[in-house]
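Residue numbers (the working numbering), protein chains in the order written: chain L, 1 to 200; chain U, 1 to 200; chain W, 1 to 200.
None of these hints come from the bench; they were simulated from the model.
Note that the Cβ used here is the ideal one computed from N, Cα and C, for glycine as well.
Treat the hints with care, as some may be off.
Said to hold, decoys possible - To give an idea of the chain U side of the interface with chain W (calculated C-beta under 7 angstroms), a few residues: (1) Leu45; (2) Val48; (3) Ile50; (4) Leu61; (5) Gln105; (6) Leu108; (7) Leu112; (8) Pro114; (9) Asn168; (10) Trp192.
To be verified - Restricting the straight-line Cα-Cα distance to at most 30 angstroms, the calculated cross-link-like pairs of lysine-lysine (DSSO-like) are: (11) U:Lys106 / U:Lys59; (12) U:Lys106 / L:Lys166; (13) L:Lys80 / L:Lys166; (14) W:Lys25 / L:Lys25; (15) W:Lys25 / U:Lys25; (16) L:Lys25 / L:Lys106; (17) L:Lys24 / W:Lys191; (18) L:Lys166 / L:Lys106; (19) U:Lys106 / W:Lys163; (20) W:Lys106 / W:Lys25; (21) U:Lys163 / U:Lys80; (22) U:Lys106 / U:Lys163; (23) W:Lys166 / W:Lys106; (24) W:Lys163 / W:Lys80; (25) L:Lys24 / W:Lys25; (26) U:Lys25 / U:Lys80; (27) L:Lys59 / W:Lys163; (28) U:Lys25 / W:Lys24; (29) W:Lys79 / U:Lys106; (30) U:Lys25 / L:Lys25; (31) W:Lys80 / L:Lys106; (32) L:Lys163 / L:Lys106; (33) L:Lys24 / U:Lys25; (34) U:Lys163 / U:Lys79; (35) W:Lys163 / W:Lys79; (36) L:Lys59 / W:Lys106; (37) U:Lys106 / U:Lys25; (38) W:Lys191 / U:Lys163.
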Amino acid sequence: MFHIIEILGTIAFAISGSLTAMSKKLDPFGVFIIAFVTAVGGGTLRDVMIGQTPVAWMKQLDYVYLIILGFVLALLFRKKLDRFRISLFLFDTIGLSVFTLIGLQKGLETGLHPIICVALGTMTACFGGVIRDILCNEIPVIFRREIYATICMAGGILFFLLKALKVNDELLSVIVAVFMIVFRILAVTRKWRLQPVERQ
Amino acid sequence: MFHIIEILGTIAFAISGSLTAMSKKLDPFGVFIIAFVTAVGGGTLRDVMIGQTPVAWMKQLDYVYLIILGFVLALLFRKKLDRFRISLFLFDTIGLSVFTLIGLQKGLETGLHPIICVALGTMTACFGGVIRDILCNEIPVIFRREIYATICMAGGILFFLLKALKVNDELLSVIVAVFMIVFRILAVTRKWRLQPVERQ
Amino acid sequence: MFHIIEILGTIAFAISGSLTAMSKKLDPFGVFIIAFVTAVGGGTLRDVMIGQTPVAWMKQLDYVYLIILGFVLALLFRKKLDRFRISLFLFDTIGLSVFTLIGLQKGLETGLHPIICVALGTMTACFGGVIRDILCNEIPVIFRREIYATICMAGGILFFLLKALKVNDELLSVIVAVFMIVFRILAVTRKWRLQPVERQ
């Protein structure tokens, strides 16, 4: 079950990367690289910073195949993807929650402090998109517009609250994932936004 | 003593990151991330490249708390920070010299060649700002305008000259730090600049 | 022989970085950093991701000296470099093939899957240029215009085909290098391009 939603999340991230790259009129190779980086960039940054190398996607080729699949789907259906907007949004939201949980888990296994684990969860889920935006020469969208990283951090905090209450691991993951998914759907449908910080 | 100025330096770097991010109208989360990256980005890059992982701020939470403090100060006083311009400049200059020394020291401990140690010192002090500028979609300011990295390199060379003369470690750090601070103050007050390289 | 072309490749990459940085009117320090990053950025990223730290150029100072040489040559001859355009293109092409082979080899030594090795070869040869373009605030040129990474991937695939046919290592390297060099010369002289992916 967990594995299936990780698959959906990876494909969704690869498609989202492909779409951003196409909107910048990149060539197919460029589109593929951006798809790749969007899907695995956050986890790569995390693995490099905690010293788990070679990084995950080098040892588990499933990621590579899933990204190729997402890239091909994006190429084939690029004129029709707007119709799947809601499905894509849902996959992306699922990816957000799963990747946050994976990052939290890795932090725990490495014996790091809960605050650092929350940072790792947020990094895993969000920084693929940050690198995507940098490569496309944009200020990263999560710094500007949408409640996205905030959801990851809230999910991480809930994770450690439930852990302190000794909720068992399976149930805990489900609760955190559902919480994040509902939070994101509400945030997007109700247009919750963080305001920019003004100096004047 | 050394520790206190490291604290001042970290806070100064976090404030400088916050100010840059606010000028780009980022949301509070974006401002925080930029503050974080400005303060620890250089050291993170250094640790990852020499293989000291998990990177420093994951093991020593002081950095995280200091950055939160700098971020909160920048938020609260954002309309009045211009009045503290000179204090901020001094803290930033202190940070520059301390982080250079930390980088040099880490290079030595890793058994690297003096030239590489100088590169690590410069990286530790300057590359947080480089990553800050990339995330804010600017050409890094230290490549364009100010004598900044040059001071780090000069400090690094002085460090190894004094070491060759067998000056004791404490004294050596103080001399190098004072040299860099004076150099920077002179460079800014007298508007020393490197000229761009022209091809025509 | 292999070593000599690695030297030529490193110098060529350092010159190409210097030229890009000069066209952005950076100061000499900025030009040097961009030269450095262009020459060793790809290999650094590779070493960090597979966990071979300290990264190569920290242990082998030859790289540093060669980059300084390339930087000085670019500074001295900056007004006349257009005359050496063809030599520079050839050196760059040689660098492309050598760095791809080095990346492939490192992947094999680390025991990684052929697909990942091809990715590492491409990364070694191309990502110095990607980081150069990001630091200069451009969308990386290899995502937009030229058949460049495609050649690295084709070279990597040929490498493993020949390996499967049990061609001996020396001969294999020569064949792959010659193939890549001819491919690139043909691609540039005949203006082969990948078309951007259009969504409308």
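Verification of the hints:
no.	hint	result
1	Leu45	violated (9 angstroms)
2	Val48	holds (6 angstroms)
3	Ile50	holds (5 angstroms)
4	Leu61	violated (24 angstroms)
5	Gln105	violated (15 angstroms)
6	Leu108	violated (13 angstroms)
7	Leu112	holds (6 angstroms)
8	Pro114	violated (10 angstroms)
9	Asn168	violated (27 angstroms)
10	Trp192	violated (11 angstroms)
11	U:Lys106 / U:Lys59	holds (16 angstroms)
12	U:Lys106 / L:Lys166	violated (41 angstroms)
13	L:Lys80 / L:Lys166	violated (46 angstroms)
14	W:Lys25 / L:Lys25	holds (27 angstroms)
15	W:Lys25 / U:Lys25	holds (27 angstroms)
16	L:Lys25 / L:Lys106	violated (36 angstroms)
17	L:Lys24 / W:Lys191	holds (22 angstroms)
18	L:Lys166 / L:Lys106	holds (19 angstroms)
19	U:Lys106 / W:Lys163	violated (42 angstroms)
20	W:Lys106 / W:Lys25	violated (36 angstroms)
21	U:Lys163 / U:Lys80	violated (43 angstroms)
22	U:Lys106 / U:Lys163	holds (15 angstroms)
23	W:Lys166 / W:Lys106	holds (19 angstroms)
24	W:Lys163 / W:Lys80	violated (43 angstroms)
25	L:Lys24 / W:Lys25	holds (26 angstroms)
26	U:Lys25 / U:Lys80	holds (17 angstroms)
27	L:Lys59 / W:Lys163	holds (21 angstroms)
28	U:Lys25 / W:Lys24	holds (26 angstroms)
29	W:Lys79 / U:Lys106	violated (40 angstroms)
30	U:Lys25 / L:Lys25	holds (27 angstroms)
31	W:Lys80 / L:Lys106	violated (54 angstroms)
32	L:Lys163 / L:Lys106	holds (15 angstroms)
33	L:Lys24 / U:Lys25	holds (23 angstroms)
34	U:Lys163 / U:Lys79	violated (45 angstroms)
35	W:Lys163 / W:Lys79	violated (45 angstroms)
36	L:Lys59 / W:Lys106	holds (15 angstroms)
37	U:Lys106 / U:Lys25	violated (36 angstroms)
38	W:Lys191 / U:Lys163	violated (56 angstroms)
The structure fails to meet hints 1, 4, 5, 6, 8, 9, 10, 12, 13, 16, 19, 20, 21, 24, 29, 31, 34, 35, 37, 38 from the earlier list, while all remaining hints are met.
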